[in-house]
Amino acid sequence: DAMVIQNPRYQVTQFGKPVTLSCSQTLNHNVMYWYQQKSSQAPKLLFHYYDKDFNNEADTPDNFQSRRPNTSFCFLDIRSPGLGDAAMYLCATSSRGVETQYFGPGTRLLVL
Amino acid sequence: AQSVTQLDSHVSVSEGTPVLLRCNYSSSYSPSLFWYVQHPNKGLQLLLKYTSAATLVKGINGFEAEFKKSETSFHLTKPSAHMSDAAEYFCVVSDRFSGGYNKLIFGAGTRLAVHP
Numbered sequence: 129d130a131m132v133i134q135n136p137r138y139q140v141t142q143f144g145k146p147v148t149l150s151c152s153q154t155l156n157h158n159v160m161y162w163y164q165q166k167s168s169q170a171p172k173l174l175f176h177y178y179d180k181d182f183n184n185e186a187d188t189p190d191n192f193q194s195r196r197p198n199t200s201f202c203f204l205d206i207r208s209p210g211l212g213d214a215a216m217y218l219c220a221t222s223s224r225g226v227e228t229q230y231f232g233p234g235t236r237l238l239v240l
Numbered sequence: 012a013q014s015v016t017q018l019d020s021h022v023s024v025s026e027g028t029p030v031l032l033r034c035n036y037s038s039s040y041s042p043s044l045f046w047y048v049q050h051p052n053k054g055l056q057l058l059l060k061y062t063s064a065a066t067l068v069k070g071i072n073g074f075e076a077e078f079k080k081s082e083t084s085f086h087l088t089k090p091s092a093h094m095s096d097a098a099e100y101f102c103v104v105s106d107r108f109s110g111g112y113n114k115l116i117f118g119a120g121t122r123l124a125v126h127p
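Chains as they are written, first to last, in the numbering used here: chain A, 129 to 240; chain B, 12 to 127.
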């Protein structure tokens with residue numbers, strides 16, 4: 129089945145220690161998104177890639193970076209995680225010109 | 012600007028009774044609207060979407076929603092709740108396309124509890 133895959137499902141890191149979250153997709157979609165979802169809140173868009181074009185939301189902290197080496201993969205790098213970065217991180221994809229976004233299962237990040 | 016308001020943060024029903032989750036939207040043009048469901052520690056799953064075709068939209072797992080332009084509403088319903096329906100539900104409106112992608116505007120979510 130075509131799908132969006134996120135690894136790992138749970139990630140524990142230490143305060144200030146860089147961490148990378150991974151997303152891959154078999155849908156061959158042009159657009160990939162990263163969302164942050166804190167407890168009992170709606171997802172918040174951090175940034176997205178349209179093909180190789182990177183688009184940052186205005187209020188996304190510089191601590192968050194992303195890489196998309198090819199169509200299938202996208203990475204979220206948190207350079208120096210703080211306690212406030214503990215959250216569920218959701219990856220989503222969509223096809224150009226289609227509004228529906230398809231979400232992965234998420235990675236829950238815990239910062240100690 | 013596009014926005015959605017979910018009128019109830021928590022809804023509690025008994026198994027086998029109807030479900031109603033309320034959503035109002037604000038849009039300066041004909042919107043595309045979605046309902047997503049999120050089970051604990053899981054990603055978001057698309058339940059259904061409205062994109063200016065039929066006003067009554069049928070989704071997965073017996074859910075449906077009716078688009079009412081006069082009331083700016085897009086309420087989610089199900090005739091008979093099942094224990095497995097317990098989850099967080101998000102009403103979502105799609106912002107206008109810009110550069111080939113669209114931004115989803117999420118409501119605050121409604122937590123549905125289903126009791127035996």
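Possibly wrong hints are sitting among the right ones.
As a list, the in silico BS3-like pairs of lysine-lysine whose alpha-carbon atoms are at most 25 Å apart [unchecked claim]:
1. A/180 - B/79
2. B/114 - B/80
3. A/166 - A/145
4. A/180 - B/69
5. B/69 - B/79
6. B/114 - A/172
7. A/166 - B/80
8. B/53 - A/172
9. A/166 - B/114
10. B/79 - B/60
Some chain A residues flagged as far from chain B (calculated, every beta-carbon gap over 12 Å) [stated by the list, open to error]:
11. 159
12. 191
13. 195
14. 236
Derived DEER-like restraints, expressed as beta-carbon distance ranges [said to hold, decoys possible]:
15. A/146 - B/95: 36 to 46 Å
16. A/211 - B/37: 42 to 52 Å
17. A/156 - B/57: 10 to 20 Å
Calculated directly from the structure, the hints in this document are not laboratory data.
Where a beta carbon is used, it is the ideal one built from N, C-alpha and C, also for glycine.
Results of checking the hints against the structure:
Taking the CA atoms of residue 180 of chain A and residue 79 of chain B, the gap is near 39 Å; set against the 25 Å cutoff, the hint is violated. Proximity of residue 114 of chain B to residue 80 of chain B is assessed by CA-CA distance (about 21 Å); at most 25 Å being required, the pair is judged to hold. With a C-alpha separation of about 20 Å, the suggested pairing of residue 166 of chain A with residue 145 of chain A holds against the 25 Å cut-off. Taken as a hint, the residue 180 of chain A and residue 69 of chain B pair is broken in the structure, with Cα atoms around 35 Å apart against an allowance of 25 Å.
Distance check on the hinted pair: residue 69 of chain B and residue 79 of chain B sit about 15 Å apart at the alpha-carbon level, within 25 Å; holds. Our distance criterion of 25 Å between C-alpha atoms is met by residue 114 of chain B and residue 172 of chain A, whose separation comes to about 10 Å. Between residue 166 of chain A and residue 80 of chain B the CA atoms are separated by roughly 32 Å; this puts the pair beyond 25 Å, and the hint is violated. Restraint check for residue 53 of chain B and residue 172 of chain A: the C-alpha separation of about 16 Å stays at or below 25 Å, so the hint holds.
Pair hint residue 166 of chain A plus residue 114 of chain B holds up; C-alpha atoms about 19 Å apart against a cutoff of 25 Å. Note on residue 79 of chain B and residue 60 of chain B: the hinted pairing holds, with a Cα-Cα distance of about 14 Å set against a maximum of 25 Å. The beta carbon of residue 159 of chain A sits about 5 Å from the closest Cβ of chain B, which is not more than 12 Å, so the claim that it is off the interface is violated. No beta-carbon of chain B comes within 12 Å of the beta-carbon of residue 191 of chain A; the shortest separation is about 22 Å.
The Cβ of residue 195 of chain A sits about 18 Å from the closest Cβ of chain B, beyond the 12 Å cut-off, so the non-interface label holds. Non-interface call for residue 236 of chain A relative to chain B: violated, since the shortest CB-CB distance, roughly 7 Å, does not exceed 12 Å. Distance hint for residue 146 of chain A and residue 95 of chain B: a CB-CB separation of about 39 Å, consistent with the stated range 36 to 46 Å. The beta-carbon spacing between residue 211 of chain A and residue 37 of chain B, approximately 35 Å, falls outside the hinted interval of 42 to 52 Å.
Range check, residue 156 of chain A to residue 57 of chain B: Cβ separation about 18 Å, and the 10 to 20 Å hint holds.
Hints 1, 4, 7, 11, 14 and 16 from the earlier list are contradicted by this structure; the remaining hints agree with it.
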